[in-house]
Amino acid sequence: MENWSTVIFSAERPFEEKVQQIFEYQVENNLVYRRFCEALAPDILNSGGKDISRIPLLPVKAFKDAEITAKPDEQPDRLFKSSGTSEMQRSIHRVHEARIYEQSLVEGFKAFYNLDQCVIWAYTPGYADNPHSSLIYMLQKLIDQDESGKSRFLPLANPLESSAIEEVEREGKQLILFGAAFGLLDLVELGAVRLPSNAIVIETGGMKTHRREMSRRELHRRLARGFGLDGSRIHSEYGMAELLSQAYAIGGNWFRTVPWMKVSIRNPEDPSETVPPNNEGLIGVIDLANVHSCPFLLTGDTGVMDERGRFEVRGRWNPKDLRGCNFLIDED
Amino acid sequence: MGHIRERIDTLIEVLNHWLRSDNDYLMDAIDRTAREGYFSFEDVKHAVGTLKSSISRKALHEWIDQSGMRDDQDATGQNVLCLHAGNLPLVGFQDALATLLSGARYTGKISRKDPYLLPTFLNEVKKTRLWTDRDVQWTHRLDDFEGMPHDAIVFAGSESSVPDVKKAIGQYQLAAGDVRFLIRTAHFSLAYLDRKRAADMQALVESIFRYGGKGCRSVAIVVSPFSLDELKDELRNYIKDFWLDNPQHQCPRPKLRYQYAYNRGIERSQLWLKYFLLQEGGLEFDQDFTCYWLQGDGTTAREIADQYGPQLQSLFVTHPGVRLAGMEQKKELLSNAQQPPISWKPDGVDTLTWLAEAEK
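Here the protein sequences line up with chains A and B, keeping their order.
Position 201, counted from 1, in the first sequence is what UniProt numbering calls 201; the numbers after and before it change by one each time, with no gaps.
Position 190, counted from 1, in the second sequence is what UniProt numbering calls 190; the numbers after and before it change by one each time, with no gaps.
Bear in mind the hints are in silico, worked out from the structure with no lab data behind them.
One thing to keep in mind: the hints can contain errors.
[Stated by the list, open to error] Heads up, simulated DSSO-like pairs for lysine-lysine below, C-alpha to C-alpha not over 27 angstroms straight-line: (1) A:K61 x B:K232; (2) B:K274 x A:K64; (3) B:K45 x B:K274; (4) B:K274 x A:K61; (5) A:K64 x A:K141; (6) B:K45 x B:K127; (7) B:K331 x B:K232; (8) B:K274 x B:K113; (9) A:K64 x B:K232; (10) B:K126 x B:K58; (11) B:K52 x B:K113; (12) A:K71 x A:K141.
[Stated by the list, open to error] Over the 10 angstroms line for every Cβ pair with chain A, so calculated as not near, a few chain B residues: (13) F41; (14) V179; (15) I304.
All C-beta atoms, glycine included, are put in the ideal place defined by N, C-alpha and C.
Generate coordinates for the entire structure from the input sequences, incorporating the hints supplied.
Structure, rendered in structure tokens:
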């Protein structure tokens, strides 16, 4: 049996080579993905995914509509479900070899932050009632890495305590406050607290309290002001239940990925086509940590990529009303 | 602009002349429309043919009666601006005709996507004794009307397009202080197929595929006790016949093939026709050339109609005996989907009634 962990996280093997191997594994074992490829681009099956830009990206909604797995006969180690009400159709991510996810999230975090030197406080209102939340699982794993016991989930609806902050400072650790975007705003509103100047706030982009609508720039501005931090200390994480790796934006709006994850921006009218830098399109992801579900995904998010391979998330793909009479100033 | 009877008589005369096959202006407009790729010749022919068969003196009188318009309760003296969409050939014709019948002065912004057809009719109207150049004005550019205030403005829009349209109206000062807006928002229709007689199947295919499915009367959802799999082969034959006579004018974007491949991946029932996709469930409305099929009964049809509310134009049924409680207003015969009577009510509103409601 293949040791996928060594394949995915190998620093020696080129990304393309790993992709090719995992593509072959997927086509052989993931029935949904194989049927999708056969219908969309049968020739790619013969070429074995040599040109990774041509590898078909499965729409992420497939996690809602079908069982996405390369191990259909085995019970998954974990089940992650996207958040939503019980009436909503939710994505279900069946995770086999959960240790790959754990390695991905911990190593991924370490690629951006000094995990050994930080204390993580997680604030996640709205997620607490989802026992299958991948975000909660991820934060718990990061918290578990801290042997000092200072890292923890913050109690909901309680303001930050200055004494606890001072304690983290006294120990010479860096405080990382990690949470759903609007939950963090709620925390600000609960009581103004100045975080140490080296603290970092990471927002996950979640809108779980459904109270407000604002741009990411405005959100960062408010968080910086609320926590008394420089704007560069407000970071973002890009992740979802369907992905087992995360991307981070370290100050500003541009996300970078970990080495086993690559993002491309796709033409919404023809998702097999990659759009040039600075053009908006759908965010496509190759996440090798998804080896047993599906690593080749087309998200429902829009974004742009710069010449350096960083990407920005612009929002949800929301095509304009297509049918029927509709007087459009620009077209009619 | 005379009394209602006079307007009807004059318009019937105009229409009879306009729709004659030796009217070189209309024939030339049809030819250019097809040649320059705006619509297929077959779709234009169908649109013109539908007007020909639905308009008569009797039909116009019935429309007037239905609307409640009277000589002392019409839109005489009003200035009405019609912003015509161009998704189908002559899609704005009913609004133009209603405005003229109402006695109002007509200002029309003709769509750049259907630039030739409607002007040939309007130009004929301007030649009559009843309507002068001042009473009937049209252009392809909205800013040509800058500074002309209107008492009523009619257009079809959506949540995303209405703000832009209203902004442009303000920018060009096209609205009088107490302007009234008639904004249509319905985008598609639903068919309840309770039986599968040949005529019903043909009507269903016409309702889905005519104009490439782009009209608000085009059926985008079918509810039927039969599954798509059960009817797939039969449907394919009817579609083939329809396309032989009416080749689809526009090609879908490659993302439609993506959806087909996705459906294959998740094993969703579908009928893939390369230029069009019918699929069971998965209602997303995120692309053209797609019709959704739901297996269910009349209750399902009603529930779906309720769910889509104002987005839904009509609920088509195979025969008048089909009962769908609470849906009588939206219920129409499937065979009329693409050939509505001239008096049909977009979004359930009789345009003539609405125009006549203007306070004098």
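Verification of the hints:
1. A hinted pair counts as satisfied when its Cα atoms are at most 27 angstroms apart, and K61 of chain A with K232 of chain B qualifies at roughly 25 angstroms.
2. Restraint check: the Cα-Cα separation between K274 of chain B and K64 of chain A comes to about 25 angstroms, which is no more than 27 angstroms; the hinted pair holds.
3. Of the supplied pair hints, the one linking K45 of chain B and K274 of chain B holds, its CA atoms being roughly 25 angstroms apart against a limit of 27 angstroms.
4. Between the alpha carbons of K274 of chain B and K61 of chain A the distance comes to roughly 22 angstroms, so the proposed pair stays at or under 27 angstroms and holds.
5. Distance restraint check for K64 of chain A and K141 of chain A: the Cα-Cα separation of roughly 26 angstroms lies within the 27 angstroms cut-off, and the hinted pair is therefore satisfied.
6. The hinted pair formed by K45 of chain B and K127 of chain B meets the criterion: a straight-line CA distance of about 25 angstroms does not exceed 27 angstroms.
7. A hinted pair counts as satisfied when its Cα atoms are at most 27 angstroms apart, and K331 of chain B with K232 of chain B qualifies at roughly 25 angstroms.
8. Distance hint between K274 of chain B and K113 of chain B is fulfilled; the C-alpha atoms sit about 25 angstroms from each other, no more than 27 angstroms.
9. Note on K64 of chain A and K232 of chain B: the hinted pairing holds, with a Cα-Cα distance of about 26 angstroms set against a maximum of 27 angstroms.
10. For the hint pairing K126 of chain B with K58 of chain B, the CA-to-CA distance comes to about 23 angstroms; that is within 27 angstroms, so the pair holds.
11. As the CA atoms of K52 of chain B and K113 of chain B are separated by approximately 22 angstroms, the hinted pair is consistent with the 27 angstroms bound.
12. With a CA separation close to 24 angstroms, the supplied pair K71 of chain A and K141 of chain A stays within the 27 angstroms bound.
13. F41 of chain B, annotated as away from the interface, keeps every beta carbon of chain A farther than 10 angstroms; the closest lies near 22 angstroms.
14. Taking the minimum C-beta to C-beta distance to chain A, about 16 angstroms, the non-interface status of V179 of chain B holds against the 10 angstroms cut.
15. Annotated as non-interface, I304 of chain B keeps its C-beta farther than 10 angstroms from every C-beta of chain A; the closest such distance is 16 angstroms.
Hint check: no violations occur; every hint is consistent with the structure.
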